[in-house]
Amino acid sequence: MTAGAQPLRIGNASGFYGDRFEAVREMLTGGRLDVLTGDYLAELTMLILGRDRLKDPRLGYAKTFLRQLEEGLGLAVERGVRIVTNAGGLNPAGLAQAVRELSARVGVPVRVAHVEGDDLLARGWGEGVLTANAYLGGAGIAACLRGGADVVVTGRVTDAALVSGPAAAHFGWAADDHDRLAGAVVAGHVLECGTQATGGNYAFFEELGDLRRPGFPLAEIHADGSAVITKHPGTGGAVTTGTVTAQLLYETAGARYLGPDVTARLDTVRLTADGPDRVRIDGVRGEAPPATLKVGLTRLGGWRNEVVFVLTGLDVEAKAALVRGQLEAALDRAGRRPREVSWSLARTDHADAAVQEEASALLRLVVRDPDAEAVGRAVSGAAIELALASYPGFHVTAPPGKGAPYGVFEAAYVAAADVAQVAVLPDGERVAVAPVPARAAEPAAVPEELPEPLPAGPTRKAPLGRVAGARSGDKGGSANVGVWARTDDGWRWLAHELTVRRLRELLPEIAELEVRREVLPRLRALNFTVEGLLGDGVASQARFDPQAKALGEWLRSRHVRIPEVLL
Numbered sequence: 001m002t003a004g005a006q007p008l009r010i011g012n013a014s015g016f017y018g019d020r021f022e023a024v025r026e027m028l029t030g031g032r033l034d035v036l037t038g039d040y041l042a043e044l045t046m047l048i049l050g051r052d053r054l055k056d057p058r059l060g061y062a063k064t065f066l067r068q069l070e071e072g073l074g075l076a077v078e079r080g081v082r083i084v085t086n087a088g089g090l091n092p093a094g095l096a097q098a099v100r101e102l103s104a105r106v107g108v109p110v111r112v113a114h115v116e117g118d119d120l121l122a123r124g125w126g127e128g129v130l131t132a133n134a135y136l137g138g139a140g141i142a143a144c145l146r147g148g149a150d151v152v153v154t155g156r157v158t159d160a161a162l163v164s165g166p167a168a169a170h171f172g173w174a175a176d177d178h179d180r181l182a183g184a185v186v187a188g189h190v191l192e193c194g195t196q197a198t199g200g201n202y203a204f205f206e207e208l209g210d211l212r213r214p215g216f217p218l219a220e221i222h223a224d225g226s227a228v229i230t231k232h233p234g235t236g237g238a239v240t241t242g243t244v245t246a247q248l249l250y251e252t253a254g255a256r257y258l259g260p261d262v263t264a265r266l267d268t269v270r271l272t273a274d275g276p277d278r279v280r281i282d283g284v285r286g287e288a289p290p291a292t293l294k295v296g297l298t299r300l301g302g303w304r305n306e307v308v309f310v311l312t313g314l315d316v317e318a319k320a321a322l323v324r325g326q327l328e329a330a331l332d333r334a335g336r337r338p339r340e341v342s343w344s345l346a347r348t349d350h351a352d353a354a355v356q357e358e359a360s361a362l363l364r365l366v367v368r369d370p371d372a373e374a375v376g377r378a379v380s381g382a383a384i385e386l387a388l389a390s391y392p393g394f395h396v397t398a399p400p401g402k403g404a405p406y407g408v409f410e411a412a413y414v415a416a417a418d419v420a421q422v423a424v425l426p427d428g429e430r431v432a433v434a435p436v437p438a439r440a441a442e443p444a445a446v447p448e449e450l451p452e453p454l455p456a457g458p459t460r461k462a463p464l465g466r467v468a469g470a471r472s473g474d475k476g477g478s479a480n481v482g483v484w485a486r487t488d489d490g491w492r493w494l495a496h497e498l499t500v501r502r503l504r505e506l507l508p509e510i511a512e513l514e515v516r517r518e519v520l521p522r523l524r525a526l527n528f529t530v531e532g533l534l535g536d537g538v539a540s541q542a543r544f545d546p547q548a549k550a551l552g553e554w555l556r557s558r559h560v561r562i563p564e565v566l567l
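Our numbering puts the first residue of the sequence shown at 1, with every later residue one more than the last.
FYI, nobody ran anything at the bench for these hints, they're computed from the structure.
No residue lacks a Cβ here, since even glycine has one placed at the ideal position from N, Cα and C.
What you were told as hints is all true, and nothing was included just to trick you.
Simulated restraints on C-beta separations: (1) HIS395 with ARG32: 52 to 60 Å; (2) VAL422 with VAL446: 30 to 38 Å; (3) ARG67 with GLY335: 45 to 53 Å; (4) ALA351 with ARG67: 46 to 54 Å; (5) GLU358 with GLU207: 23 to 31 Å; (6) ALA174 with PRO508: 44 to 52 Å; (7) PHE205 with PRO508: 21 to 29 Å.
Make a model of the complete structure from these sequences and hints.
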């Protein structure tokens with residue numbers, strides 16, 4: 001790519017490993033693109049790929065991507081679209097070679113490059129660590145594109161780097177073009193989760209029309225770092241300031257969105273409607289990145305088993321107490337209790353129900369232990385032996401099994417200058433990617449910019465979601481909940497009503513956990529980080545909703561006293 005003033009059209013065709021298979025073809029045939037990206041990596045994905053690599057050292061990458069390229073490669077070359085993906089996972093060199101072999105097999109010549117340097121497993125991180133990967137930025141991607149690559153494969157880069165790297169290469173941005181880079185990073189954050197930007201998982205989904213098959217998003221990136229988020233004509237879903245706001249709040253930790261290339265100030269983001277299915281992003285300010293890189297560590301945490309008892313009709317609490325006492329006694333008699341034994345009772349039952357399922361509650365038993373035997377037959381056998389000896393109506397949702405391994409995610413940090421990022425160009429030349437100059441000192445905290453409170457007036461009890469949207473997700477063992485108001489008056493109320501204390505009252509599960517609040521006034525939004533809610537991360541399945549995907553919807557369902565003027 002060469003520097004130029006024309007906007008760069010970057011599309012997304014994957015938000016996770018397992019996303020819509022046909023999206024690559026849909027994006028390549030649905031309209032004009034310059035670059036097509038695919039995000040295949042998440043914390044859980046790295047654990048899955050790590051286990052693949054244990055079975056076969058040649059693996060460790062997202063195999064689905066290769067299958068998508070069997071048709072997509074010819075379409076991309078025909079339309080002049082370059083492909084940038086992190087599907088390389090733990091083995092970007094292996095996937096790059098597989099793409100070359102595919103290219104030869106289907107008769108579509110392409111120049112393939114890849115980025116190395118994120119894999120830090122050899123440094124030694126303690127017993128049991130399966131993967132250790134630094135989150136790299138877009139500089140290696142930019143070097144590959146400047147080197148003439150048609151396809152760029154990376155390992156663990158930040159999700160937004162798939163957009164900021166091509167933008168930097170296209171416009172010739174320097175490492176200290178912080179505002180421009182920050183704008184591209186924000187656009188990349190909007191694109192990274194695919195159809196979440198076009199109405200998927202959106203709080204006010206009923207307002208968007210046909211959501212049966214939302215189109216994937218694309219960004220028109222401009223030379224000044226501003227962007228327009230849109231989608232191909234005729235595709236499902238919608239792009240609105242609301243859908244873009246929701247995605248901007250997803251899995252963020254505050255006003256400063258830290259990255260390896262730049263720190264993007266989310267409190268400076270300005271969103272404006274730019275026509276049907278078009279939202280402009282501008283005003284984004286950037287700062288130098290931190291001096292450290294995040295490293296994601298995964299390891300096998302042990303073994304886990306689960307039994308869900310169905311309690312139907314009357315005396316649910318007494319039935320739960322009976323079977324729990326029986327199971328606990330059986331585990332004691334076995335002489336080898338699992339290290340962790342947890343019970344939870346979900347009162348999903350309704351009185352006088354016309355449908356049996358609606359008359360039933362669920363009692364969940366979860367056990368964990370480093371030893372597979374401790375959570376296997378000792379637990380499942382004890383549960384099944386009670387089938388004719390426990391509460392009336394005894395049955396379980398599924399036969400308990402032998403248990404399964406679970407994973408643990410941890411975040412560590414290393415000096416960015418100590419990570420040797422390398423761009424391997426199509427001709428095999430290895431180009432060292434210089435570290436991005438980091439900030440010299442910790443910046444001052446972003447002050448809370450609160451609006452004037454809404455004048456006092458009559459209120460009515462109603463669900464918070466009648467006036468506010470929310471989007472939630474996971475960050476390692478922590479959960480993030482972004483909440484936004486839809487109007488200026490709603491923001492005047494929300495900013496003062498939804499304090500950390502109030503959030504703890506509305507979500508009792510987090511009452512004892514550390515909670516941080518950040519104010520994003522231009523988005524009329526609050527962002528909360530709940531530390532430790534998810535235990536050791538999604539792979540550990542520490543709670544009913546292991547990725548906190550529905551935490552925001554639980555919050556929206558809670559009843560609060562809302563000013564009548566807003567209702």
